[in-house]
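J.: If you want the building blocks of each chain, they are given just below.
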Amino acid sequence: MSLRGAAYIAGAYEHPLRTIPNSTVAQVHAEVAAGALADAGLGFDDVDGYFCAGDAPGFGPLSMAEYMGISPTHVDSTETGGSSYIIHVQHAAEAIAAGHCKVALITLAGLPRSSGAGIAGAGRFGNSPEVHFENHFGMSIVAGYAMAARRHMHEFGTTSAQLAEIKVAASVHAQHNANAFLRNVVSVDEVLESRIVADPLHMLDCCVVTDGGGALVVVSPDVARSLKRHCIPVLGTGTGIKHVDNGRIDLTHTAAVHSGPRAFAEAGVTPSDIDYASIYDSFTITVLIALEDLGFCAKGDGGRFVMDGALQAPFGALPFNTDGGGLCNNHPSNRGGITKVIEAVRQLRNEAHPAVQVPDCELALAHGTGGNLATRMGSATLILGRNL
Amino acid sequence: MTSQLPLADIEPTIENQPFWDALRDNRIDLPYCQRCRSFVWYPRAICPLCHQGGLTWRTLPGTGHVYSQTVVTKGTGRWKDAGPYVVAYVQLDSGIDSVDGPRILTNIVGDNALNVSIGSFVCSVVDRSDDANRFILRFALA
Chain V
1 MSLRGAAYIA GAYEHPLRTI PNSTVAQVHA EVAAGALADA GLGFDDVDGY FCAGDAPGFG
61 PLSMAEYMGI SPTHVDSTET GGSSYIIHVQ HAAEAIAAGH CKVALITLAG LPRSSGAGIA
121 GAGRFGNSPE VHFENHFGMS IVAGYAMAAR RHMHEFGTTS AQLAEIKVAA SVHAQHNANA
181 FLRNVVSVDE VLESRIVADP LHMLDCCVVT DGGGALVVVS PDVARSLKRH CIPVLGTGTG
241 IKHVDNGRID LTHTAAVHSG PRAFAEAGVT PSDIDYASIY DSFTITVLIA LEDLGFCAKG
301 DGGRFVMDGA LQAPFGALPF NTDGGGLCNN HPSNRGGITK VIEAVRQLRN EAHPAVQVPD
361 CELALAHGTG GNLATRMGSA TLILGRNL
Chain L
1 MTSQLPLADI EPTIENQPFW DALRDNRIDL PYCQRCRSFV WYPRAICPLC HQGGLTWRTL
61 PGTGHVYSQT VVTKGTGRWK DAGPYVVAYV QLDSGIDSVD GPRILTNIVG DNALNVSIGS
121 FVCSVVDRSD DANRFILRFA LA
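Chains as they are written, first to last, in the numbering used here: chain V, 1 to 388; chain L, 1 to 142.
Hint data in this document are derived by calculation from the structure and do not stem from the laboratory. Be aware that one or more of the hints could be misleading.
Per label pair, the in silico range of CB-to-CB distance [stated by the list, open to error]:
(1) L/Arg58 / V/Thr19: 51 to 59 angstroms
(2) L/Gly53 / V/Asn22: 30 to 38 angstroms
(3) V/Ser187 / L/Asn112: 54 to 62 angstroms
(4) L/Arg78 / V/Ser71: 40 to 48 angstroms
Every value quoted in this text rests on a predicted model; they were computed, and no experiment measured them. Note that CB positions come from ideal geometry on N, CA and C, so glycine has one too.
Here chain L stands alone, though its shape is the one from the complex:
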């Protein structure tokens, strides 16, 4: 799926390269701290709860629900003429009992995206450029 929203060149770092490698293959992989039983958001090498490294990468199911959202009528910069579009915080399902997924910033895309409301169930979408060199994690209403 490709929305019409802007895509940017991503410059992965050594800390977050596995996230982008997995996303290219349509998976959401995040660092997970087994000591804290917590995913780490945004992806990095050190758990901010116990301040230690040694994190493992785990795949999340790619589903979640909307924590909050806004329909932006008029964006700025490269997004100046992209509106109306939806910016949202999505609470990801973790796929692990009694572990919450992180709330992450994203867009809701798709023909019915403007129908979004808090609590809406969503599924992940890897939004790609035509040549697939640019891609990013967005969501569509489930």
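Okay, chain V solo, but in the shape it has when bound:
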């Protein structure tokens, strides 16, 4: 069964704040839900499908349904880290196509700045079977991605200056986003001169830590037709996972090699057709490897691909993360993910900031990378259209 045209994104909302004092995680989930429903022209009473991941408190969909006062007939708490919410769009489209719901709400929220809390969902790893073989070596999140970057440099000659180009492009975009956490434009040299956190990655190769959240409302074609708001059709979806593979891990690719081709095939388009791409950017290397895996360039050519402003809107070869991305704008709950879909929807509705709006944006891709590149991770790719 193809999901092409099976569902539409009717509402998208990103919390405007990056530090949210005097609030709870459940409260922010409910606030972004209200925002996305209002954007769609719908209300909580219309929701019959609810999706959340490891950042939701308590029993996930059970706790949040109670808090928000909804009674969905379909729930899903698929957890693949920062890619969860892009998988949720796929699962929402599947559930809608199967007739299990018509109005699916997806929420993400977290308060890592205000609360000092660690990675959402991390508490569940205490009894993981690999825990004593991985967790006692001081491998911070950035250290895992640094090893991927180091191996990519070794195999393909990728340079720190090339990785820095990714941060530069994000910062060029973020200057136009009044809500962005970092709005200052940075140069390649400034990235390279920022302190090393885990070599070869610098402070400015890393995403921001922000409070915040976002929500999406995915609806059936019938509901979409009944709404005044411009609804964005889902054209293609793909999920992939990758893990240590019995001690044979390869750090130079991600599960995007699986999720990307599935999404492109379902949508019936190719990478060269994409007008705008939201690429998950926990670190600069996360973007570079995903661009290769998704087929925007050949494996190993990512470093050359991102040079000369290729990622900069509106006229680069592949404008990316025009909200400033996780690198500059927002990475709520230490994962983001949903913000990738939100900015793709803005672009397709012609509602991005005029300075970064891609002219005639008809096809957009939103891609998530969850978990850790250095161990186990989930990739999710979504292709959206301005119209079906």
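Dock chain L against chain V, hints included.
T.: What follows is chain L alone, placed relative to chain V:
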């Protein structure tokens, strides 16, 4: 040898107890699937290639080379003040012709650890606390 890096309390499970028993005696023992001619990493009771049990434990030579590494300047949690330290994936030698050892997460320790690079040859080090109750598998440059 004892590095200054943090050591944690290990809670072996019934699946991986032989690994920790061998490591206490300075050996690297891993489950081996004779059907697949493959070591199983991380240690567990079922081979992820053929999905069957009945694995045997074999001792590896304790040598290998670095697949990738990073020097962490600033760690987090208990590792906050441990830097600079080296986190690495080491490809273990299997000791068996035409069988690859697994790539495993570890630290490179020793006075010259920061000189590590991809391809560096390394030897196993059982890093122990003073009372020897805490220990873990790390590596030093060969």
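J.: Of the hints given before, which are not true for this structure?
T.: Hints 2 and 3 not satisfied by this model.
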